[in-house]
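With chain A fixed as given, assemble chain B onto it according to the hints.
Same order as they appear, the protein sequences are chains A and B. Here the first sequence is numbered in numbering that gives the first Met the number 0, starting from 0 and rising by one per residue. Here the second sequence is numbered in numbering that gives the first Met the number 0, starting from 0 and rising by one per residue.
Just so you know, not all the hints are guaranteed correct.
Distance condition first, Cα-Cα at most 20 Å in a straight line; then the derived SDA-like pairs of lysine to any residue [as the list claims (entries may be wrong)]:
#: 1; chain 1: A; residue 1: K247; chain 2: B; residue 2: A212
#: 2; chain 1: B; residue 1: K282; chain 2: A; residue 2: G249
#: 3; chain 1: A; residue 1: K262; chain 2: B; residue 2: K387
#: 4; chain 1: B; residue 1: K282; chain 2: B; residue 2: L222
#: 5; chain 1: B; residue 1: K387; chain 2: B; residue 2: L218
#: 6; chain 1: A; residue 1: K262; chain 2: B; residue 2: A212
#: 7; chain 1: B; residue 1: K387; chain 2: B; residue 2: Q251
#: 8; chain 1: A; residue 1: K247; chain 2: B; residue 2: G62
FYI, nobody ran anything at the bench for these hints, they're computed from the structure.
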Amino acid sequence: MSARTKGTASFSRRQFLKLSAATAGGAALVGCQFVPATASGESIDPAKVPGILIDLTRCVGCGNCQRSCIAANDLHPSQEELSTLSADTYTYVQRYDLPGGKTRFVKRQCMQCLYPACVSACTVGALHQTADGVVAVDARKCIGCRYCQYACPFNVPKFQWDSALGLVRKCQFCLGRLAQGQGPACADNCPSGALKYGLRGDLLQEAHGRIAAHPEVYVDLIYGETEVGGTSCLYISDVPFDQLGFPKLGTDPAPHYAESMMKRTPTIAVSVAAVATGIYSVLRWRSDHGHVEIDVREEK
Amino acid sequence: MVTSTADQKRLRWNGARSALREALPSYLNPGVQILAYLTVIGVLAGIWRLFSGLGAATNLTDGIPWGIWIGFDFSLIAISGAGFTMAGLVYVFRQEQFRPALRPAVLTGLLGYTAVLALLILDLGRPDRFYHFLIYWNLHSPLFEISWCVLLYTTVLLIEVSPQVYERLNRPGPVRIVHAIIVPLAIVAVTLSSLHQSTLGTLYLNMPYRLNALWYTPLLPLLFFTSSVSTGLSVAIIAYKLATRFTGQQAQLRVARGLGSLVAGVLVFYLVLKLGDIILSGKAPLLLAFDRMSLLMWIELIVGVLAPLAIFLAPSVRRTEKGQWAGAILVVLGTLISRFDATLFAQTAPPGATYVPHVVEWMTTAGVVAAAALAWYLGARLLAVFEKPNGHH
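Bound-form chain B, shown alone:
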């Protein structure tokens, strides 16, 4: 008896090993290899930065103290909005038709916020004191609130993602527990996200003399929140398409089409807010000046709002695979531009201050993003990123 269970064990082990050997080549595709190299380079550059300090590892100065780390960080927070928008859509608004896109989006959210934390810690002058916001409180500080929300929400995301792991491990117990609390969890996710996505806009309200007037408006919190919703939903479209591709499943075009119409609705709301604010506050001449700042704003609006709006509002384009990809990618690109505008390009730096990112800044940023992408790819292939049909109710 003893030998036979040992045999069985060995057989199972051998089976797993040969399965791994068969599957391994498909994991070592060129895309994965590139991501892995970028990750390794990023980790080494990150370690070097931690020991050498910000002056040596970056081209940041007292004139321009925030660079691409913060730019990508704030963009990634909006991109990771995929998690709360989809959880809200499926669990709070009970839009069951979007459930197939839920799990890839939540996985994106978790890995996105993990990347956010990594970049944020790299950017601190004292990375060893990253936990200080837990002990020393300043309720007036937008960054204090954002830190807390990101920490709490990442914890929520960990719980939300856990069924994808437990289902693979055939552990129905924990899956049931998470399922029992999933609605309150989604409400907490929506609340924490509404707070910090909007507070990201509030953060810039503390820079009335630094942020260009075309960007500076009391509506910044609402604008940032709104764009996090359109960006989150667009990222959910991309994540869903990629996840179906990697798992060899058939993507349902109507899922992306439905999300696309929602994105269009949110973009219209955003456009009305943005243009309405610019016109009502008498800044229309600034927008029509067609100088550097006005052009920056036009690029931001055309790439991130007008072009995707044209795609998602045209029924014939919205239905096509290419149209859905293009629309979603444009929204994400537009958010990237808008967050970089607010952080870097639309900031009035003191005279003489210049900033061209240091190669270590690029390597670490690319490394963190590549690591998140790699983890996402492996997650999509190894975890239960799609629910079993009728596995819920």
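Chain A extracted, bound-state conformation:
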């Protein structure tokens, strides 16, 4: 008798474990498949985004791009900051002394992803893509959480560590100059022709043309054409890119994985709430039923 009342009044252990396993299995089904879909960057026409073609065979390392950038963006880098990206260095030229006496200069800056992971990750939507497709930071929104620094596959966003109220900053493709019909300061002031400003579609055509014209010089790859879904800053080179510090990245948009989970948020919320309500209702019904039996027995 006592075993009977125990089994009905409180849900039996076996049933409980079964239910839990079913719940966990359901959650696993809902939660853990990647669905190819990316919301960031969906409305952008990849051919119409403003970009820069960087031809590493033409760069002489004069640093004029960096100086123009500092002036155009009113930056105040320290001496050490000049040779790295920082909150006050949106671009700099990295020198590579290669075996065989070759020297190459690689300009670094925000790659302007078509599917920017920083925009996808940003807690408050401070990082955003303009209607033209430029990735920029809204300094009025940024809370300085620095999640974007982890999300960026190129390690570009930088934080103002020296400020008591620090924000994340990066190259914004000279949005102000673009609005006035000019190109970014770096590209407009490049004396050697290494930087060419234009629409991404045109730049890709140009790059393919240069490689086809001199296949004996160029590596047959445009870095940024397919990397993480494509970037608006494109590089061509006569030296393999892995020797010049370019990360080897896949062609999937970087925010793809997290976003495919994030868009399930409403589904997960509704499923969990429904399953929990269901479990409660069934158990409640059963134990109410059990209590009746116990009451009857106690009355005898």
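This is chain B only, laid out in the frame that chain A set:
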């Protein structure tokens, strides 16, 4: 008449004062004093950090922008899972035998999340803009979702804890109101927690090129959720044992034993997921390489999963007081290691980047944790952390 009520009042007041004077020495034990000192130091260090900025107060850099604040923060979120796991167990799964451990666990949850919020605000470059996520929305952002869930769930926890206060104040009205809505509240708690505990794993899915391959898997959300359940239940065991000790009550070993078996079940599920994923995705060689990363993963698995599993699966050990303590503490320790691995040790930092936490980071972290522990101790002694027998139905 007037003087007599005044006398009565004075008498009652004097009674309370002498009761306080009698009880006070027991509150000023060495443990409380240490926690109080740590709290004061932490508050001062925290104020200093707020005025001086992150560059001066931390050793974080652009190469390694997240440190022990975030590491402890993400660990504390899992530790605070005690609240939703116990509320779910008692109110949704109606496992009445675990009710004695409910209130200490919910109190732990509330104070844990409060500590989480404090550390999160310290870590922001613009602490004055902590509320921005309320105004500026980004539905793609895991951190945005986590912020909302933590805020909403902390509110739920406040309501869930409130009967412990009202019962002490002899205010049955509010207790009845909370009791009337406690089941829907528990379902909301479970839902919000399922969301943000798993989204904490999703957060790392945005770092495919930074997080080591042994850790990076599409299963991260499910793994993080599962470990929040095993951790939450383990913390519930610890909280229950401590609360009975502080209130001079007899702990029922079967409560902890039952929770221990549940932890074992969840750990088995976790282990199957983790090893199954590593093997099926062809990463077994990485796990068996016994290099730095492989050893890190082994430590995480042995401390947090295999060792407590051995304890909780052995009936003779599971029944003992020492076994229950050891198992629960190991699970929590393992979660701490696993969250720190994902945040710091298993991250590929740019070449040359190093990070040794600044003394201000340690002082503030210790201060926040000590303040939560102190509040918990006082709560366990002053609030109604145990329901009156037959006080429910």
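Tested hints:
no.	hint	result
1	K247/A / A212/B	holds (15 Å)
2	K282/B / G249/A	holds (18 Å)
3	K262/A / K387/B	violated (44 Å)
4	K282/B / L222/B	holds (17 Å)
5	K387/B / L218/B	violated (42 Å)
6	K262/A / A212/B	violated (24 Å)
7	K387/B / Q251/B	holds (15 Å)
8	K247/A / G62/B	holds (19 Å)
Hints 3, 5 and 6 from the list above are not met by this structure, while the remaining hints are.
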